[in-house]
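S.K.: Chain by chain, the residues run as shown.
Protein chains: 2
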Amino acid sequence: MPAPKRILVIDDADDVRILVERQLERLGYAADGAADGVAGLEAIARSRPDLVLCDLRMPRLDGLGVLSELRDKYPQLPVVVMSGEGLLQDAVSALRLGAWDYLSKPIAGMAVLQHAVGKALEKAELLAENQRQRDKLEVLYRELADDQDAGRRLQLSLLPEDGMKVGSFTLTRELLPSSFLSGDFCSTFSLPDGRWGFYLADVAGHGVPSALVTVMLRTVVERWVLEGRDASFFAPSTFLKALNHELLRQRHEKHVALFYGLVDESRSVLACGNAGCFPWPILQQGGNTFAMELPGMPLGLMDTASYDERTYPLLPDTKFVACTDGVFDVMDGGSVEEKSRRIAQAAGSSATATELVQVLGLTQHRARPDDVAVLMLTRGDAHALRTS
Amino acid sequence: MPAPKRILVIDDADDVRILVERQLERLGYAADGAADGVAGLEAIARSRPDLVLCDLRMPRLDGLGVLSELRDKYPQLPVVVMSGEGLLQDAVSALRLGAWDYLSKPIAGMAVLQHAVGKALEKAELLAENQRQRDKLEVLYRELADDQDAGRRLQLSLLPEDGMKVGSFTLTRELLPSSFLSGDFCSTFSLPDGRWGFYLADVAGHGVPSALVTVMLRTVVERWVLEGRDASFFAPSTFLKALNHELLRQRHEKHVALFYGLVDESRSVLACGNAGCFPWPILQQGGNTFAMELPGMPLGLMDTASYDERTYPLLPDTKFVACTDGVFDVMDGGSVEEKSRRIAQAAGSSATATELVQVLGLTQHRARPDDVAVLMLTRGDAHALRTS
Numbered sequence: 001m002p003a004p005k006r007i008l009v010i011d012d013a014d015d016v017r018i019l020v021e022r023q024l025e026r027l028g029y030a031a032d033g034a035a036d037g038v039a040g041l042e043a044i045a046r047s048r049p050d051l052v053l054c055d056l057r058m059p060r061l062d063g064l065g066v067l068s069e070l071r072d073k074y075p076q077l078p079v080v081v082m083s084g085e086g087l088l089q090d091a092v093s094a095l096r097l098g099a100w101d102y103l104s105k106p107i108a109g110m111a112v113l114q115h116a117v118g119k120a121l122e123k124a125e126l127l128a129e130n131q132r133q134r135d136k137l138e139v140l141y142r143e144l145a146d147d148q149d150a151g152r153r154l155q156l157s158l159l160p161e162d163g164m165k166v167g168s169f170t171l172t173r174e175l176l177p178s179s180f181l182s183g184d185f186c187s188t189f190s191l192p193d194g195r196w197g198f199y200l201a202d203v204a205g206h207g208v209p210s211a212l213v214t215v216m217l218r219t220v221v222e223r224w225v226l227e228g229r230d231a232s233f234f235a236p237s238t239f240l241k242a243l244n245h246e247l248l249r250q251r252h253e254k255h256v257a258l259f260y261g262l263v264d265e266s267r268s269v270l271a272c273g274n275a276g277c278f279p280w281p282i283l284q285q286g287g288n289t290f291a292m293e294l295p296g297m298p299l300g301l302m303d304t305a306s307y308d309e310r311t312y313p314l315l316p317d318t319k320f321v322a323c324t325d326g327v328f329d330v331m332d333g334g335s336v337e338e339k340s341r342r343i344a345q346a347a348g349s350s351a352t353a354t355e356l357v358q359v360l361g362l363t364q365h366r367a368r369p370d371d372v373a374v375l376m377l378t379r380g381d382a383h384a385l386r387t388s
Numbered sequence: 001m002p003a004p005k006r007i008l009v010i011d012d013a014d015d016v017r018i019l020v021e022r023q024l025e026r027l028g029y030a031a032d033g034a035a036d037g038v039a040g041l042e043a044i045a046r047s048r049p050d051l052v053l054c055d056l057r058m059p060r061l062d063g064l065g066v067l068s069e070l071r072d073k074y075p076q077l078p079v080v081v082m083s084g085e086g087l088l089q090d091a092v093s094a095l096r097l098g099a100w101d102y103l104s105k106p107i108a109g110m111a112v113l114q115h116a117v118g119k120a121l122e123k124a125e126l127l128a129e130n131q132r133q134r135d136k137l138e139v140l141y142r143e144l145a146d147d148q149d150a151g152r153r154l155q156l157s158l159l160p161e162d163g164m165k166v167g168s169f170t171l172t173r174e175l176l177p178s179s180f181l182s183g184d185f186c187s188t189f190s191l192p193d194g195r196w197g198f199y200l201a202d203v204a205g206h207g208v209p210s211a212l213v214t215v216m217l218r219t220v221v222e223r224w225v226l227e228g229r230d231a232s233f234f235a236p237s238t239f240l241k242a243l244n245h246e247l248l249r250q251r252h253e254k255h256v257a258l259f260y261g262l263v264d265e266s267r268s269v270l271a272c273g274n275a276g277c278f279p280w281p282i283l284q285q286g287g288n289t290f291a292m293e294l295p296g297m298p299l300g301l302m303d304t305a306s307y308d309e310r311t312y313p314l315l316p317d318t319k320f321v322a323c324t325d326g327v328f329d330v331m332d333g334g335s336v337e338e339k340s341r342r343i344a345q346a347a348g349s350s351a352t353a354t355e356l357v358q359v360l361g362l363t364q365h366r367a368r369p370d371d372v373a374v375l376m377l378t379r380g381d382a383h384a385l386r387t388s
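Quick note, the sequences are listed as chains A and B, same order. Using UniProt numbering, you'd call the opening residue of the first sequence number 1 and step up by one each time. Using UniProt numbering, you'd call the opening residue of the second sequence number 1 and step up by one each time.
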C-alpha cells in the first residue's frame, strides 16, 4: 500500500484547523497543521507536503502571500484555498494567483473536502507523471546520443588524417554525417611497390547500420593490403569486382557507391574505376578542369557486374576532388546539373575539403538529409590553381 | 514580423463586443467577434484563435458552457472570462472550470485588457513551446532508437545462426545487449582441412563504439580464414598473438577479452586459448563437469602478451559453455564465487544458450548494466546430460 498523501492545513482558527485535520485523517490522508502563513511556509520547507489547504485571512502572512511565495518556490505544489463565505473577491484573487481550487468555509461536508482535495492530488500526480516521463525521455535520449557520439568519434578516427601526405600528394577530407554516424567514408592505402590507392564510399542508408558496413568494408580492404595481394589485384577493374563479390558474400544487403583510384607516381599515372559514385569526381591539372565521367554499377547489387578502368596521366600540378551524392540533397536550390556545375567550380577554387564544404554551404545545415563525404588530393601549388 | 495574435471576443452585448474588438485591434491584435456561446464555439472550430475573451452570461450557451466544451476539445486554448461586477460567484466558477483569467466589466481601461490578454498569451506560448520541445525530444529519441535498432539487427545478422551445425556439434548462442548494440559477440569458422574454430569476445565498453570494434575484429578473423593462412596460424597461441597485434595496430584503444577454441574432430581434440575471458568456460563430458581455468591477458593491452594453449580430448558426449563477464553484473545476488557455481550448474542443466540465460534469470532485467553473450556447443545427447 502506498504511504498516505500528506496534507498541510494552514489556518489561524485553531478549531477550524483541527476539525479539517481530523476530517482529512478520516479520509485516509496524513494531516499536519500550521497557525499562519509564516509557520505554514516553514512547515512546507521542512516536510514537503503533497498538498496545502490554506485559509486566506490570517495574521503575519495571509493566504495570498503564501500563494505568491509558493508559486515561485514550489510551482508544482497544489494549493487549495479556504475562505469565509461572502469573501468571493479573495477567492478570485487566490485563483488568479495560482490556487488550484477554492473551498467556502464552513466546508459543506466531507464529500466536498474529499472532492476538492482528491481532484487536486490527482492533477498533481498527473503533472508529476508527465514530468517523470519527460525526464526519463531526456535521460534515454542523452544515453543514446552519448553512445552514438562515442561511435562517431571512433568512426572519425578510422578516416585518413586530414592534411596527411600520401605519396607526393596532400589528402584532405570532410565527413558530414546526417546524424551521428555515417554511411559515407574514405580511406587510402599504400602498396609495397610504392603505388597507393584511395577510395570514397557511400554505403546505402545512413546511421549505425551503414556505419557498421563501412567498418567491414574498410577492414576488408585493409586486410587485402596487409595480406600482400599481388600487384594486379589492385587494378581498378579487379579490385572493384572483388569488393563487389565481398559485399554480396556479406549478405547485409547494403549496396555501396564507391570511387576508387590507384596512383603510380613512378609512371605518373592515375588508374580509376567507379562503382556508381556521383557527382563525377573532378580532375584539375595543367589549367584544365574536367569531370571524370565513369558510369558503373554500385557494389553489392549484381554478381555479374564488371567495372571499366580509365587511366589519366598525372601532371605536376594536380587536384582530384570527389564527393558523395548527399551533396545534392544538402546544397540549396537548383537542378542536379546546376549543382554539379557549382560543385565543379567550388572544387576548382577550394584548397582543402574543409574549404570546399564551406564554399558549398554544406556546414550551415544542422539537420542534413543525407551524409556527405568529400575527398581531395592535391599536388603542386594548390593555391596557384585556386587563384588562377 | 510575426502575424498578429488572433483573439475571439464572445459577448451577446454588441456594443461591448465591438468596443473590446476595437481596443484589441488598437493593441495590435487581430480581433473577431461572436454573439453567443454557440456561435463562439463554431468560430473557434473554424478559425482556431490564439485566445478567447468570453462573457459569462449569454443566451443559448453561456460562458461556463463554453469553458466546459473548450476544456475537453482545446485544453491548450487560453480563455479569459469577462463578467459584470458583483457577479463574483460566476468568476469563481469560471476560474475553477479552467478560465485562465478574469476581467470585470466594464473593463477598467486598455492597460487592464492588455495585461490580462498579454499574460495569458505569454503563458500559452510557454506551454506550446514546452510541448514543442517535448515533441522534438520524442522525435529525436525515436530517430536514434530506430537507427540503433537497425544497427542491432545488422549486428545480430553477423552472429552464427542459433542452432546451426558446426562439424558434429550444435551451436546455440544468446546476445543480450545492455542497450541496443553490443560489445560482446561470438563467431565460428571452418578451415579447409576440416578443423573449425570458435570464439567468444567481449570488447571493452558497450554500445555503438564497441559494436564497431566487434565488426572490425570479426572481419579480420574472417579475412584470415578466407585468405587461406596456413594451418599453424590458427593454433590458439599463434592466433591470439596475431589478434593482439592486430588490435594494437588498430589504435582504437579498446581491449578485448576473448576465448578461442579450435576443434580437430579427426583427432578428437579441442585446443583452447584464453585472453582474459571470465567466468571460466565450462566443459562437460563423460559425466564430468569442469571449469577451463586458463588465465591470460586481454587483447589489445600489451604488445608482448603471449598466450598459453591447452588441449582437451573430446568425448562423444560433450558440452562446452562460455559466457562473458557481464553475466556477473546482470545476475541477482551473491558473490562472484557463488555466481560462478550457479553458472556452472545452470550450464550443466541447460540444453541451449537460450535456456541457460533463462535459468540464470538474465532476460528478466530490462535494463542490463552490461552486455552478456553466451556460446554453447553440444555434441551427443545433450538432453541425457541434462537430466543425469
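The reader is advised that the hints may include incorrect statements.
[As the list claims (entries may be wrong)] In silico lysine-lysine, DSS-like type, Cα no more than 30 angstroms apart, as pairs: (1) 123(A) - 165(B); (2) 123(B) - 136(B); (3) 165(A) - 5(A); (4) 119(B) - 119(A); (5) 241(B) - 123(A); (6) 136(A) - 123(A); (7) 165(B) - 5(B); (8) 105(B) - 123(B); (9) 105(B) - 105(A); (10) 136(B) - 123(A); (11) 123(B) - 73(A); (12) 73(A) - 119(B); (13) 73(A) - 165(A); (14) 105(B) - 136(A); (15) 73(B) - 119(B); (16) 123(A) - 73(B); (17) 73(A) - 105(A); (18) 241(B) - 165(B); (19) 73(A) - 136(B); (20) 136(A) - 165(B); (21) 105(B) - 119(B); (22) 123(B) - 119(A); (23) 5(A) - 119(A); (24) 73(B) - 119(A); (25) 119(B) - 5(B); (26) 119(B) - 136(B); (27) 73(B) - 136(A).
[As the list claims (entries may be wrong)] Estimated spans, in silico, between C-beta atoms of each pair: (28) 126(A) - 115(B): 52 to 62 angstroms; (29) 165(A) - 358(B): 51 to 61 angstroms; (30) 119(A) - 57(B): 45 to 55 angstroms; (31) 15(A) - 131(B): 38 to 48 angstroms; (32) 364(A) - 110(B): 38 to 48 angstroms; (33) 266(A) - 245(B): 24 to 34 angstroms.
Hints were generated in silico from the structure; no laboratory data involved. As the structure is a prediction and not an experimental result, all values here were calculated from the model. Beta carbons: idealized from backbone N, C-alpha and C, even for Gly.
S.K.: Could you run down the list of hints and mark each one as holding or not?
M.R.: Checked hints:
no.: 1; hint: 123(A) - 165(B); result: violated, 59 angstroms
no.: 2; hint: 123(B) - 136(B); result: holds, 20 angstroms
no.: 3; hint: 165(A) - 5(A); result: violated, 70 angstroms
no.: 4; hint: 119(B) - 119(A); result: holds, 26 angstroms
no.: 5; hint: 241(B) - 123(A); result: violated, 64 angstroms
no.: 6; hint: 136(A) - 123(A); result: holds, 20 angstroms
no.: 7; hint: 165(B) - 5(B); result: violated, 70 angstroms
no.: 8; hint: 105(B) - 123(B); result: holds, 23 angstroms
no.: 9; hint: 105(B) - 105(A); result: holds, 28 angstroms
no.: 10; hint: 136(B) - 123(A); result: holds, 25 angstroms
no.: 11; hint: 123(B) - 73(A); result: holds, 18 angstroms
no.: 12; hint: 73(A) - 119(B); result: holds, 20 angstroms
no.: 13; hint: 73(A) - 165(A); result: violated, 61 angstroms
no.: 14; hint: 105(B) - 136(A); result: violated, 46 angstroms
no.: 15; hint: 73(B) - 119(B); result: holds, 22 angstroms
no.: 16; hint: 123(A) - 73(B); result: holds, 18 angstroms
no.: 17; hint: 73(A) - 105(A); result: holds, 27 angstroms
no.: 18; hint: 241(B) - 165(B); result: holds, 28 angstroms
no.: 19; hint: 73(A) - 136(B); result: holds, 28 angstroms
no.: 20; hint: 136(A) - 165(B); result: violated, 43 angstroms
no.: 21; hint: 105(B) - 119(B); result: holds, 18 angstroms
no.: 22; hint: 123(B) - 119(A); result: holds, 23 angstroms
no.: 23; hint: 5(A) - 119(A); result: holds, 13 angstroms
no.: 24; hint: 73(B) - 119(A); result: holds, 20 angstroms
no.: 25; hint: 119(B) - 5(B); result: holds, 13 angstroms
no.: 26; hint: 119(B) - 136(B); result: holds, 25 angstroms
no.: 27; hint: 73(B) - 136(A); result: holds, 28 angstroms
no.: 28; hint: 126(A) - 115(B): 52 to 62 angstroms; result: violated, 30 angstroms
no.: 29; hint: 165(A) - 358(B): 51 to 61 angstroms; result: holds, 56 angstroms
no.: 30; hint: 119(A) - 57(B): 45 to 55 angstroms; result: violated, 26 angstroms
no.: 31; hint: 15(A) - 131(B): 38 to 48 angstroms; result: holds, 46 angstroms
no.: 32; hint: 364(A) - 110(B): 38 to 48 angstroms; result: holds, 44 angstroms
no.: 33; hint: 266(A) - 245(B): 24 to 34 angstroms; result: holds, 31 angstroms
In summary, the structure is inconsistent with hints 1, 3, 5, 7, 13, 14, 20, 28, 30 from the numbered list given earlier, while agreeing with the others.
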